[in-house]
Structure formats: structure tokens, C-alpha cells
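A.B. asks: Residue numbers for the sequence shown follow full-length UniProt numbering, beginning at 1 and rising by one.
Simulated from the structure, these hints should not be mistaken for lab results. Any given hint might turn out to be false.
[To be verified] Keeping only pairs whose Cα atoms sit at most 30 Å apart, straight-line, the calculated DSS-like set for lysine-lysine is:
| hint | residue 1 | residue 2 |
| --- | --- | --- |
| 1 | K380 | K82 |
| 2 | K479 | K189 |
| 3 | K634 | K189 |
| 4 | K634 | K381 |
| 5 | K20 | K189 |
| 6 | K380 | K630 |
| 7 | K20 | K380 |
| 8 | K189 | K508 |
| 9 | K546 | K631 |
| 10 | K189 | K82 |
| 11 | K82 | K479 |
[Stated by the list, open to error] Simulated restraints on C-beta separations:
| hint | residue 1 | residue 2 | range |
| --- | --- | --- | --- |
| 12 | V225 | F266 | 33 to 43 Å |
| 13 | E592 | I613 | 22 to 32 Å |
| 14 | E592 | T236 | 39 to 49 Å |
| 15 | K20 | F227 | 39 to 49 Å |
| 16 | K383 | F315 | 24 to 34 Å |
| 17 | D507 | V21 | 49 to 59 Å |
| 18 | L105 | D507 | 55 to 65 Å |
| 19 | C265 | V617 | 39 to 49 Å |
The beta carbon of each residue, even a glycine, is placed where N, CA and C say it ideally should be.
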Amino acid sequence: MNETKKPAATEKFCCISKLKVFLLASSLAYLAKTMSGAYMNSMLTQIERRFNIPASLVGIINGSFEIGNLLVIAFVSYFGAKLHRPRIIALGCTVMSFACLLISLPHFLMERYQYETALSPLENSSSSMSMCLINQSQSSTHMEKQPAECEQKSGSLMWVFVLVGNIIRGIGETPIMPLVISYVEDFSKAENSPFYIGCLQVATVIGPFLGFMLGSYCAQLYVDVGFTDIEEVTITLTDARWVGAWWLGILICGSVNLLAGIPFCFLPKSLPKEGQANETELLNMRNASLLQERGARRKMREITKDFIPFLRSLFHNPVYMLFICITVMQFSAFIGMITFMPKYLEQQYGKSASQAIFLIAVYNLPVICIGYFLGGFLMKKFKISTIQAANIAFWISLTEYLIYFAAYFTVCDNSPVAGLTVSYEGIEQVSYMEITLLDDCNRDCDCSIKVWDPVCGENGITYVSPCLAGCRASDGTRKYTVFENCTCVAASGFSSGNVSAVLGQCDKEANCDMMLQYFLILSIVCSFIYSLGAMPGYMVLIRSLKPEEKSFGVGIHTLASRVFAGIPSPIYFGALIDSTCLKWGTLSCGGEGACRMYDTVTYRWYYLGLPAILRGVSYIPCVLILVILKKQLKSSDGKTLNRSPMAMENIVEQNG
Numbered sequence: 001m002n003e004t005k006k007p008a009a010t011e012k013f014c015c016i017s018k019l020k021v022f023l024l025a026s027s028l029a030y031l032a033k034t035m036s037g038a039y040m041n042s043m044l045t046q047i048e049r050r051f052n053i054p055a056s057l058v059g060i061i062n063g064s065f066e067i068g069n070l071l072v073i074a075f076v077s078y079f080g081a082k083l084h085r086p087r088i089i090a091l092g093c094t095v096m097s098f099a100c101l102l103i104s105l106p107h108f109l110m111e112r113y114q115y116e117t118a119l120s121p122l123e124n125s126s127s128s129m130s131m132c133l134i135n136q137s138q139s140s141t142h143m144e145k146q147p148a149e150c151e152q153k154s155g156s157l158m159w160v161f162v163l164v165g166n167i168i169r170g171i172g173e174t175p176i177m178p179l180v181i182s183y184v185e186d187f188s189k190a191e192n193s194p195f196y197i198g199c200l201q202v203a204t205v206i207g208p209f210l211g212f213m214l215g216s217y218c219a220q221l222y223v224d225v226g227f228t229d230i231e232e233v234t235i236t237l238t239d240a241r242w243v244g245a246w247w248l249g250i251l252i253c254g255s256v257n258l259l260a261g262i263p264f265c266f267l268p269k270s271l272p273k274e275g276q277a278n279e280t281e282l283l284n285m286r287n288a289s290l291l292q293e294r295g296a297r298r299k300m301r302e303i304t305k306d307f308i309p310f311l312r313s314l315f316h317n318p319v320y321m322l323f324i325c326i327t328v329m330q331f332s333a334f335i336g337m338i339t340f341m342p343k344y345l346e347q348q349y350g351k352s353a354s355q356a357i358f359l360i361a362v363y364n365l366p367v368i369c370i371g372y373f374l375g376g377f378l379m380k381k382f383k384i385s386t387i388q389a390a391n392i393a394f395w396i397s398l399t400e401y402l403i404y405f406a407a408y409f410t411v412c413d414n415s416p417v418a419g420l421t422v423s424y425e426g427i428e429q430v431s432y433m434e435i436t437l438l439d440d441c442n443r444d445c446d447c448s449i450k451v452w453d454p455v456c457g458e459n460g461i462t463y464v465s466p467c468l469a470g471c472r473a474s475d476g477t478r479k480y481t482v483f484e485n486c487t488c489v490a491a492s493g494f495s496s497g498n499v500s501a502v503l504g505q506c507d508k509e510a511n512c513d514m515m516l517q518y519f520l521i522l523s524i525v526c527s528f529i530y531s532l533g534a535m536p537g538y539m540v541l542i543r544s545l546k547p548e549e550k551s552f553g554v555g556i557h558t559l560a561s562r563v564f565a566g567i568p569s570p571i572y573f574g575a576l577i578d579s580t581c582l583k584w585g586t587l588s589c590g591g592e593g594a595c596r597m598y599d600t601v602t603y604r605w606y607y608l609g610l611p612a613i614l615r616g617v618s619y620i621p622c623v624l625i626l627v628i629l630k631k632q633l634k635s636s637d638g639k640t641l642n643r644s645p646m647a648m649e650n651i652v653e654q655n656g
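Put together the whole structure using the sequences plus the hints.
C.D. replies: Written as C-alpha cells, this is what we have:
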């Protein structure tokens, strides 16, 4: 008798282990895809500078990932659940790996990076073209009069490779989330699935952490590392013209994605339900697997017959549709903020791209990981019902939203830049017109107002170029050049003697570092509270769907978030940020490049204000969901919604 039970126990252990193996492989796939996404997001500013494009175009590149999802999400979610899910996931990982290779390709096709500068790279000392030459025409003005053909020579259209690669990366990422979640939901206990999904969500936080850390490291490396003598480079990490080795990290991400797909090639198409495996069920599972293999060869017409009924059923599900509305508005705010958060820290607090990316990774991502894990654990521990999960998610999110408004008080004023944020006399004023770069102290110098090669005067004011600072002499070479006899620095009332300026912008005010710490602490608190309620909220979505609708429903939910949040949000956020630009960079042919200087006050109001509006509106459908669930609870006399997840699943199976 014992001998007959032993094989069953062995089979049970084997099958449970396969589910755990699938969870482990899925965690690696989640880590790989989110690592790639986070790295790409951290490198958007570097891509903007390398290809000399505006933030709105960067938003399009970022949104192109969602376009890739949009192309195939509905079909993958529906048909993928009927086919071999692990192998489709493996294919997706391989496609993402190829996409990463394509994204990095422009680096190997373009010429070496040449940033705009008033210094001549051919001389060991500063060129006279950067000096204030009274009554002489400066050769630097040729930048404004180059023929249109040089636009093509600059290689600026190479950003199309990044755009197309990101679209393909989106296509490859599509099957991972809906097919993994449906696989876990199908073959795990109902009370265990929130914990398992919570573990997967932890992987989606570890991945971005690794991606941001990799981005922080690569942003420190000069874009042409290994091909350019760093001593010849006159710009520093905090300079708006600095470009890091954006291409290096994306190649690493591609390798990780390729490795992540390998385990799925060896996983089965289906498993027995967790905790219910026995000899009879295993035999039934094998027979069902054979039937599924035969069914996979049916004509497409036979497979698609339930597509429209499923879609109609989802659209008539009020909780599901309202949840999609919430997701669109919340994701729009979140995606817009995270896309331009590194740029915000750079512009607002004067940090380098590497520092900004590092701070985001260290301060935000670990607490998000803890919040996700605790949210899933509490759902499993207390067997929280749907109505309870909805209430928890609502009140936690609302609490975080109210705390968020404290960010408006983490203020760091504009850096003093002569002709842009202050007058040449040091009086505060914001100007979007280039003509204000000229003043009596430099009007006779015949300076180009297109060049961005800032110098910091002894008076603490930044000047757009040595010429516009009125500097007439220099000493030193390359990055150690000191400009002397700067008339505009003296004109500010600082000194009447020989005043000087050095390369680079002046440092931000001392209180900016303190304000940055306040902002980061606030960010930690908000990130933890928000992530704590994410899992209860997500389970409201999952439990609003019938078992046969889960894969398709999650896919349509993802599709809606891509179309209405993922694609447009970075674009209109980028356009708003572009509208705060005070000084645009200049291409070698005289065209407009990436923004070099922003009005940080207006930037702050746009960056923090738009998410506040979007999230505020999202609480209207939140309240409606609570009302609907309470009505359903009363109408069923507590027989369904107030039951444990296991009891709910049994009712659904009996009625199905």
C-alpha cells in the first residue's frame, strides 16, 4: 500500500517543483525585461544629447516601446494562452535581446561625438575665437550659416535605429506578463497566487535597480570611451553637453535577456493544480496535454470563435472597465514622472546624470520592493477579500497622494546665468529670448549667441560663453583654461580689477543639496506607501475576471495602459518640458539641438503639477468601484465577495 502511494508523492513533489522552477524562470525574465526598460529610461538624457534632439522626440522614442506592445498584445494574450506559453515567453526574451543589439547599433555607425564648444580642439591653448575681439568678425559665426547638407552629415537621423529597436523590444516584452500571470493563476492555489505574483513584482523592482545602477556607471564613462583621450575632453559630468556610454549598458541588457529565455524552453505546456496532484489527475493531465497538442493544430477560425464574446464580456464588466480608467491616469502620471526624473534631478538640483540615476536607484527602488512584497504577503496571510482589497488600495493610495504635495516645498531656484535667469548686473529675470544674451559689456565683441560653452565668473554668475562674458585673454589648456580680463564679470559690480572665469557652469546654491535630501526622503515615503497598496489593487483587477478571461483580460488591460498612457504620456510631458527651455544647443551646421538650460521654476510646476492633476481625477473611478463592490456584496448577502479567495474560486468553478 505504501509502495503504491510513493510514486504519487514523488510525482506531486516533481510537479510542485516545476511550478517553482517556472516562478524562478519568470522572475529572471521579469528582472531582464525591467532591467532593460529601466536602463533605457536612465539613458534618455544621454540619447537626447548624443543625437541632439528635443525632449518631445525623446518622449516618442520612449513611447515607441509601448507601440511595440500595442501591435501584438491582444493577439498574444488571447492566442498565447491556448498555445505553449513557456516557449512563447522564451521567444519574447530572444526578440528583446535582438532589439537591444539594434538600439546600440548607431554608436558603431556614427562618427565620434563632437560637442559644441568655443575652444579649438586643434590647439593646445584656448583659441582666440572664444575671446572678446573688439570690432572683429568672429569665425565662430559660421555655425549659423552652414548649408543644409550638413544636417545629413551630422548623423542625427541615426536615432531612428533606437526608435525601431525600442518598438521591437516592446514586441518581445509583450507575452511575458500576461502569459506568466495566467500560468501562475491556472496552476497555483488561489490563496497562494497573490504571494507568487508579489514575488514576481519584487523581481520587477530588482530589475530596475540593476538597470539604474548600470545606467549610473555607464553615464560616468565618456560616450567614446576607449577611442578618445579623456584629457582632451573639456566638459565634466555635470555639463549639459556630457554624453555617457549609453550603448554599452544596452548590450549588457541584451545578453541578460537572451539568457533569461533559455529555461522556458524546457518547461511543460501545463501543470497539475498546486496541492491537488494525484495519480488520476496526473493521468488526466497527460491526456489533456495530448488533446491540447491536437487542438493546437486546429484552424485559426476555430480558435478565434470566442474572441468577440470574450471582448464583449470584458466591456460589460464595470469594475474591470473602471479599473482600466484608473490605470490609464495613474500610469500616465507615473510614466511621465519616471521618464524625466533623472533630468529633473539634474536641472533642479545640479546633479550629474550618473548621480541622478544612482540616487533614484538607491532611494526609491528598495522601498518599492519591500512594499510590493509586504502587499502580497498580507493578501496571502489574511486571505483578504475583494472588497477589503479595494478599500485598502484606495485609502493607501489617497494617503500617499496627499503626502506627495509636500514636494512643492523642496525648492531650488534657477542658477544665475547672465542673459537667461539674471541680468548682467545680477538682477533676477527670466528670459526666453536670445537677444538678452547681449549687453553693453559684450556688444562690441561680435559674439555668437548660438554657442553654448558656459564659464563661471568669480562673481558666481554663469556666462553662456567666454566671449559673452567679455573675456579678452586666457591662460592654461583644455579643461584647465582660465579666462581673464572678463569685462562682464566686472560690470556686475564684483570688482573693477582683472576678473576671471573658468570653464563650466557655477555650482548650485548650498541649500539645493539640503532640498534634494528632503525631496529624496519624501520620495522614499511616497514610494513605499504607494507600492504597499499596489498588490491589493491589482488583485481587484484579477478577481473581477472569470478564470477563462484572466489571460485575455490582463492583456487588454495592458493594451489600454500602453495606448492611453505609455505612448502619449512621455510625449506631452516632453513637450511641456521643452516649453521651459531657455537656451537650445546648436548643431555643427547651425540647426537647433538639445536643450542646454531650463527655467527650473516652471519646470518644477509642470513636472509635479501634471501628475497631481492626473492622479486626482483617477480617484473618481476608484470611488465608483467601491460603490459597485459594496452593492454586489449586499446583493449576494456576503456569499461571494466576502469569502476567501479559495471559496470564491470554488464557487466560480461550480457555476462555470
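A.B. asks: Against each hint, give a clear statement of whether it holds in the structure.
C.D. replies: Each hint, compared with the structure:
no. : hint                    : in the structure
1   : K380 - K82              : holds (28 Å)
2   : K479 - K189             : violated (64 Å)
3   : K634 - K189             : holds (27 Å)
4   : K634 - K381             : holds (25 Å)
5   : K20 - K189              : holds (13 Å)
6   : K380 - K630             : holds (22 Å)
7   : K20 - K380              : holds (17 Å)
8   : K189 - K508             : violated (55 Å)
9   : K546 - K631             : holds (19 Å)
10  : K189 - K82              : holds (21 Å)
11  : K82 - K479              : violated (62 Å)
12  : V225 - F266: 33 to 43 Å : holds (38 Å)
13  : E592 - I613: 22 to 32 Å : holds (30 Å)
14  : E592 - T236: 39 to 49 Å : violated (24 Å)
15  : K20 - F227: 39 to 49 Å  : holds (46 Å)
16  : K383 - F315: 24 to 34 Å : holds (30 Å)
17  : D507 - V21: 49 to 59 Å  : holds (53 Å)
18  : L105 - D507: 55 to 65 Å : violated (37 Å)
19  : C265 - V617: 39 to 49 Å : holds (45 Å)
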